[in-house]
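S.K.: Whenever a hint applies, use it, and build me the whole structure from the sequences.
Given next are the chains, with one letter for each unit.
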Amino acid sequence: MDSLGFLLSGFETALTWQNLVFCLVGVTVGMLVGVLPGLGPSAGTAVLIPLTFALEPISAIVMLSGIYYGAMYGGTITSVLINTPGEASSVITCLDGHPMAKQGRAGTALGISAIGSFIGGTFSILGLVLVGPPLANMALKFGPPEFFALMLLGMTMVIGLIGKSIIKGMMAAVFGLILALVGLDPVTGIPRFAFGQPYLMDGFDFVVIAMGLFGLSEILISAEQNLKAEKPPKVKGLLPSREEWMPSLKSIGRGTGLGFLIGLIPGTNSVIPPILSYSLEKKIAKDPSRFGKGAIEGVAGPETANNSFCGGALIPLFTLGIPSSPTIAILLGAFIMHGLTPGPTLFKENPDFVWGVIASMFIGNLILLIMNLPMAGLWAKVTMIPFKLLFPIILMVLIAGTYTINNSLWDVGAMLVFGLIGYIFKKVDIPIAPIVLTFVLGALMENSLMQSLTIFEGDFFALFKRPLSGTLLVLSIVILLLSLIAGFRKKKDFLASDIDM
Amino acid sequence: MRKLKSFLLVMVMGLVLVGCASNQSSSKGSEKGSVKAEGYPKKAINVIVAYEAGGGTDAGARIMLPYVEKALGVPVNIINKPGGGGWIGWSELANAKPDGYTIGYINTPNFMTGYLDPKFNRKENLESFTPIANHVTDPGAIAIRTDEDRFSNIEELVEYAKKHRLTATSTGVGSDDHYASLKLNDQLGTKFEAVQNKGSAESVTAVLGGHVDVLFANVGELTSLHKEGKIKIIGVMGEEKSPFLADVPTLAESGFEVFSWSARGLAAPKGIDPGQLKILQDAFEKGIKNKEQVEKMGKLGLEVNYLGGKDYVDLLKSDEAEVKKLGKLLGW
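Going line by line, the protein sequences match chains A and B. Take my numbering: the last position of the first sequence gets the number 501, and nothing is skipped along the way. Take my numbering: the last position of the second sequence gets the number 332, and nothing is skipped along the way.
No wet-lab data here; the hints were simulated from the structure. Be careful, since some hints might not be right.
[Unchecked claim] Some chain A residues near chain B, calculated using beta-carbon distances under 10 Å:
1. A43
2. P50
3. K141
4. I190
5. A194
6. D205
7. S325
8. P326
9. P392
10. S408
11. N447
Glycine included, each C-beta is placed from N, C-alpha and C at the ideal position.
M.R.: Spelled out as structure tokens, the structure:
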């Protein structure tokens, strides 16, 4: 238990007033970056790096990592309040968080995500301390074939997100896959569905799609309804009701584990764990029909998973010196610029630094919890704003937010088009959630499949010969078959477990 | 109350930071030159970076530009325009008004791939830009696992790869890593097969995990991993040894005349006034040669390599010729 001793001395470093202030600044900036749609943690961190040159390395890293995990807290807020993800990983929270807000339970949704985020964040940092290094080496065994198999397993989850009609659900899923195909072919470099437009060469930006499909379409649908009749709901308490505590905590527990494990695998991103957590929660729920109508588990699980992912994703950085996501790559740059090389020697040579930063993350998570719980009530009041004032504001936020992603008006246009598509899909009852899932997983799946095939010289069945990928592939096939059989057997139940989003 | 306070704190911090940035815009005597160049620059200059904020090019730009800001006496802003393999930003740069207030970073060889590959059918080419100065040259590096038992140095690797098919990492079709393995295949008859991915972090994990055989990347991306003993760099593809890797031979030293690098420098749109160009070139020469800047870049493993005027044009032309030659291998 050497680590615990080090950790205690780390707290000594982190609790100096100077580092506390930088921790506070970091998480606050992170929160803001998370709240503002379009501005993500990677841009936030990148812009601030040059400003940290004057600081002590430890203060600099404490602040920058604060932005990184603070953003995960902030992203929830806009998802719940205005159905627009403030940060890519909060997309799935729109599904149940926003309905909760419509029922006047925005405070509860934000409250449970703050609690879940805190638990997920704290446990994953504990994981980083206690079991990090051995797990990181195991995660390296996860190569392209295993990654493909994992993505395929994730794809089978799409069944859980499909709405009333299987046909319509599949239409949405395939639409998402087609969107994932836009851009350069990963192996030949040939542009696909780009129509000679340089803007389409790199494919669509996930956040652009999500803001249009969720945020804009929501405004269009609501604007169509009778505005006068719908009075803004009263804001109820911050905490879940007594019956909701147990299921919420269970979801939080599952979200913690899921996010942490996915964080370990290099090449994943923070969007995947929440989506998988949501699908998982829905699949194992006793009454899946509640999902999409304000089920608290649908908020608690995913919001925990993305914070837990954060801690897990730091393990490859600290132990191997490998960044597993874009934001972490920027953090890695910050480490190096301050004369520190992440990796095992860092633990040996600069234990004060490493453990100080780790301790600051515990403190940062606590600060975020303290900031978020009372603030949840304040934020929730946004739902009381009359629609005629709220809608133009949301529209402005959507447009400005989309523009800031790549400083591109093309993206704004794309967002508007996806808003219309989302509106039409909602009108004809095509669910939107599967589009997001297949879009995110599809691109990664294609990449890893093509890489595997290059490695295996085109032999597809070699994928089944590796123990890990073989197991995952067989598991996916079994899940698919079971779902099909279950579907045929008790058609009624199967169809009842659907959501409308 | 606490929320309000913390919010205010951030706002104040932000203002202070903005203040610091604009402090540097003290005035500076203008140079002699043409009419257009008189009093230039009068306002902030925008630098287009064709990659995302936080990427390698962006990080280097954010380190160097404050020094140019000092030399020019006006603020220099970074505008990130990512997408299209860099060509969203580069097209915008080529089509910007050549008034001296919009310049940008160009990255070889990805830049050349974008206009030489006939698939993209692009109007712009090297002539659409006026090169200002080169900032960084990052040589290619070849690395292997530390427990690799089939080969332990570059000679053994080449021998082995001539007889056996080996997989090699590449960060995309037409990236410098891709060209590097193609060049080896072309000139030495090795059988490297590129496994395409989305970035050098993926390359490293694929090799560390034993999924891909040989790691092709740049010195800047691998130096710290090499020093940590995670991987072993067995050759660099610059003309000279890398200052960060004194113990690693160049490929030429090992008897293989293969060179590969990625160079990042600045360019203005075609048609910029010569007087303005001169002012910019002088300012960038000062900024790029600044010792503190060189040191900071060195920490990132990036080798600052100032090339001004004709030298930079020559570098771009020779890089272009190399890519043209390789185009055949890619089926152009």
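S.K.: Now tell me, hint by hint, if it's right for this structure.
M.R.: Here is how each hint holds up against the structure:
This hint holds: A43 (chain A) has a C-beta 5 Å from the nearest C-beta of chain B, less than the 10 Å allowed. Below 10 Å, beta-carbon pairs count as interface contacts, and P50 (chain A) has one with chain B at about 5 Å; its hint therefore holds. Annotation: K141 (chain A) was flagged as interfacial toward chain B, and the flag holds, the nearest CB pair being 6 Å apart, inside 10 Å. Interface restraint check: I190 (chain A) against chain B, minimum CB-CB distance 6 Å, threshold 10 Å, status holds.
For A194 (chain A), the suggested interface contact is upheld, since its CB lies about 9 Å from the closest CB of chain B, less than 10 Å. Hint on D205 (chain A) holds. Least Cβ distance to chain B is approximately 9 Å, under the 10 Å limit. Nearest Cβ of chain B to the Cβ of S325 (chain A): about 9 Å, under the 10 Å cut. The hint holds. Annotation: P326 (chain A) was flagged as interfacial toward chain B, and the flag holds, the nearest CB pair being 7 Å apart, inside 10 Å.
A least Cβ separation of about 24 Å between P392 (chain A) and chain B goes past the 10 Å threshold, and the interface hint is therefore violated. Given hint, S408 (chain A) at the interface with chain B, holds; its Cβ is 7 Å from that chain's nearest Cβ, closer than 10 Å. Because the smallest distance between the Cβ of N447 (chain A) and any Cβ of chain B comes to about 7 Å, under 10 Å, the interface hint for this residue holds.
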